[in-house]
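Q: Residues per chain, in single letters:
Protein chains: 2
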Amino acid sequence: MEFPPQLRIRNATVEDVRLLRNLMLEFAEYQRMRDFVTISEETLARDGFGPNPRFRTLICESDGKPAGYAIHFDFYSSFEGQVLFLEDLYVCEEFRGQGVGKALMAEVAAVALREGYLALRWEVLDWNQPAIAVYQRLGATFQDDRRQVRLEGDALKQLAAAVG
Amino acid sequence: MEFPPQLRIRNATVEDVRLLRNLMLEFAEYQRMRDFVTISEETLARDGFGPNPRFRTLICESDGKPAGYAIHFDFYSSFEGQVLFLEDLYVCEEFRGQGVGKALMAEVAAVALREGYLALRWEVLDWNQPAIAVYQRLGATFQDDRRQVRLEGDALKQLAAAVG
Numbered sequence: 001m002e003f004p005p006q007l008r009i010r011n012a013t014v015e016d017v018r019l020l021r022n023l024m025l026e027f028a029e030y031q032r033m034r035d036f037v038t039i040s041e042e043t044l045a046r047d048g049f050g051p052n053p054r055f056r057t058l059i060c061e062s063d064g065k066p067a068g069y070a071i072h073f074d075f076y077s078s079f080e081g082q083v084l085f086l087e088d089l090y091v092c093e094e095f096r097g098q099g100v101g102k103a104l105m106a107e108v109a110a111v112a113l114r115e116g117y118l119a120l121r122w123e124v125l126d127w128n129q130p131a132i133a134v135y136q137r138l139g140a141t142f143q144d145d146r147r148q149v150r151l152e153g154d155a156l157k158q159l160a161a162a163v164g
Numbered sequence: 001m002e003f004p005p006q007l008r009i010r011n012a013t014v015e016d017v018r019l020l021r022n023l024m025l026e027f028a029e030y031q032r033m034r035d036f037v038t039i040s041e042e043t044l045a046r047d048g049f050g051p052n053p054r055f056r057t058l059i060c061e062s063d064g065k066p067a068g069y070a071i072h073f074d075f076y077s078s079f080e081g082q083v084l085f086l087e088d089l090y091v092c093e094e095f096r097g098q099g100v101g102k103a104l105m106a107e108v109a110a111v112a113l114r115e116g117y118l119a120l121r122w123e124v125l126d127w128n129q130p131a132i133a134v135y136q137r138l139g140a141t142f143q144d145d146r147r148q149v150r151l152e153g154d155a156l157k158q159l160a161a162a163v164g
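Chains as they are written, first to last, in the numbering used here: chain A, 1 to 164; chain B, 1 to 164.
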């Protein structure tokens with residue numbers, strides 16, 4: 001398969017932090033999670049583009065305009081080994097249906113294979129049927145017996161305080 | 001809260017790799033996932049205890065005997081920032097009900113707070129009601145609108161091959 005010639009994927013740099021945060025805000029709107037975005041440009045710059053990057057970012061451009069982005073990082077399956085976790089995958093509204101999402105996913109898959117990861121993992125919101133259909137066509141599996149649990153704030157502090 | 005005095009939590013070292021893999025096999029049996037354990041001692045040694053560790057391991061001993069373990073690593077919530085992911089938490093059968101799991105979780109929570117993570121995340125199998133009840137009592141939240149997706153093997157290769 002060939003990608004549309006107007007698409008180009010590149011690694012984001014610290015110069016892209018403002019763009020990246022704006023894309024994230026768009027993504028969060030789409031995910032109905034706008035209120036969950038608390039990250040600042042400073043934190044993104046430090047965590048993504050400092051001396052010890054916590055994630056890697058790909059930006060897809062269409063004729064030089066930002067059309068979407070992907071964020072991924074190391075994950076570990078203790079029973080198996082290294083997995084690549086795709087945290088965000090977003091295509092801007094005006095560029096949907098033009099192969100941007102597929103191009104970004106393919107690039108992330110290529111990174112995974114090149115660097116010896118055994119699988120790619122990500123999450124999808126259960127109401128996002130169009131995305132689920134795409135993932136099914138790719139041959140992905142859904143681990144529907146797993147519930148995601150999260151502890152933060154006072155509950156986290158309370159648990160930590162139990163350390164003698 | 002004080003932990004039972006016979007419990008001690010320590011960081012695992014490369015000397016613990018055989019023990020760790022054995023504990024993992026027990027854990028996998030308990031999770032009904034024995035067939036999913038493909039990891040070797042060599043891979044565990046490289047990924048957990050080499051120059052670039054992909055995860056950290058805590059071992060809980062009760063009167064000097066291994067009673068359980070926890071594995072955790074960096075995760076990133078792009079909308080928020082650094083999260084600590086608790087990949088495994090296991091208490092050996094003969095030591096259940098003695099505070100081992102709570103002690104391990106508290107230690108992981110303490111690591112999270114000490115090192116500036118904003119939340120702790122983990123997974124639980126949907127049939128594991130005793131664990132779910134414990135997590136609810138801790139004040140954890142369940143992100144039940146998220147489905148976990150995974151791509152590997154030929155499907156991953158096929159996607160990667162789409163990169164032009």
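Since the hints were made in silico from the structure, they are not lab data. One should not assume that every hint holds.
[Said to hold, decoys possible] Below, simulated PhoX-like cross-link-like pairs (lysine-lysine); rule was C-alpha separation at most 25 angstroms, straight line:
1. K102/A <-> K157/A
2. K157/A <-> K102/B
3. K65/B <-> K102/B
4. K102/A <-> K65/B
Q: Indicate, hint by hint, whether the structure satisfies it.
A: Evaluated hints:
no. : hint              : verdict
1   : K102/A <-> K157/A : violated, 41 angstroms
2   : K157/A <-> K102/B : holds, 14 angstroms
3   : K65/B <-> K102/B  : holds, 17 angstroms
4   : K102/A <-> K65/B  : violated, 51 angstroms
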